[in-house]
Amino acid sequence: MTALPGTTDTSAIESGDPLARLDFSSLISGAAKLRPDRIAFHDSSDASKSLTFAMLERRVAAMSASWRDLGLMPGERILVIATASAACIVAITGALRAGLDVAIAAPYLPAEELAEFAIDTGAVALAAEPACGDLDIASELLRTAARAERVRVVAALGNTTVDGAVLLDPLQTNGAMQEETAAGGHSLHARIITRDITARCVFHRQRTIVAAALDFVTRAQIGTHIPLVSTILPASFAGLAIGPAAALIAGAPLILHGPFDSTTLLAMIEAMHPVHLVAPAMLSEDFDAAGLIDPHYLASMIFLSRFKQMPADMSAEPPGGMLDSAVPVTDLYAIGEIAVIAEPRLPGGARIAPLTTQHVLNLDGRDVVAARRKLHYLAANGRLDSVVAIEGAAISQGSEGDHE
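Heads up: take any position in the sequence shown, counting from 1, add 16, and you land on my numbering.
Simulated from the structure, these hints should not be mistaken for lab results. Fair warning: there could be bad hints in the mix.
[Unchecked claim] Across the chosen pairs, the derived CB separations fall in these ranges:
id, residue 1, residue 2, range
1, N378, T176, 43 to 53 Å
2, S155, N378, 17 to 27 Å
3, L50, G138, 29 to 39 Å
4, T280, Y124, 13 to 23 Å
5, Q374, D179, 13 to 23 Å
6, G87, D53, 14 to 24 Å
7, N175, A366, 47 to 57 Å
8, V376, P290, 25 to 35 Å
9, F276, D212, 14 to 24 Å
10, D383, I135, 37 to 47 Å
Every residue, glycine too, gets a C-beta built ideally from N, C-alpha and C.
Based on the provided sequences and hints, a complete structural model is requested.
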């Protein structure tokens, strides 16, 4: 892991919060200064779409200007349909740099649910790549715009023209490097909004996602030189933290894979091995049977499981049984849309329940609690029940900035 850009900012230290000035924009700018020529995002299907950290900084600056040129103002909200591409990440981070709150939706949501999300968040703009695999996102985007009355801009990301949409290509700088403007100061206040399984809007400070990513990078030992391959779309708190944010913090090349295709994924890993691989825990048996969990292919295997709320108890034996492997295995526990907790497995394959011990980050020589359990006792109907809650710098409150 490399030093976090911005952690020595004196104003952040004086504010009492070493994470206070950390957002996606500062991570990108810091990485561009530290390692400008290293690959930030790798596109295995089209090398021309791969970005170095310096290129990423230029694209994000240009994209920030593009959002402002469309008349969008700091504090307004846009809805981006998140796909597994560098273009999508540039669109999101460029909007955050412009001071826009960004609601992020999965590409498989139908127009009715996208419109509901757009209305609930007050989005004034919609953006997406026209297609994702076999999904026709462009049609759903336009149908969504027709249902959401506040939307005044519809943007097609990439170089494919869509009737009724503004064409924005996040991978083109459109001229000279755009320098940071006054609007860049609004980046710290821009929020990310995700949607939980009950369709509730969940608001996040960027620094919370950064803290979750830093905790993940530290505990899973993600380094600078080995690629991080994530099959989790950046359409959730977990997807953002363990994908783009983690790669920026570690300085590692990021490869996003989706929609999931086993043949394509195996070919990618074969070409780039060894890699750190993030995948759903439900696929653990398939990966083991395929012989993929092997030091030749993987530097580590990271399995993501999702829970509606923090589990009070958990079996030490993971789904599919123990993995007899020389590859380090880490379990990720996505808790609703407020947290993602990393716990490396014990020798022999037994897993550790999330937050058996508290997670602590050391920033500028100061210890910051990233996540810890907090047991509540509730008395109801003559009985005493215990509820497990979690708190810390890497735990979203779910309503961070919803009224700001």
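The hints, checked one at a time:
| no. | hint | verdict |
| --- | --- | --- |
| 1 | N378 with T176: 43 to 53 Å | 46 Å, holds |
| 2 | S155 with N378: 17 to 27 Å | 49 Å, violated |
| 3 | L50 with G138: 29 to 39 Å | 37 Å, holds |
| 4 | T280 with Y124: 13 to 23 Å | 18 Å, holds |
| 5 | Q374 with D179: 13 to 23 Å | 54 Å, violated |
| 6 | G87 with D53: 14 to 24 Å | 35 Å, violated |
| 7 | N175 with A366: 47 to 57 Å | 49 Å, holds |
| 8 | V376 with P290: 25 to 35 Å | 29 Å, holds |
| 9 | F276 with D212: 14 to 24 Å | 22 Å, holds |
| 10 | D383 with I135: 37 to 47 Å | 42 Å, holds |
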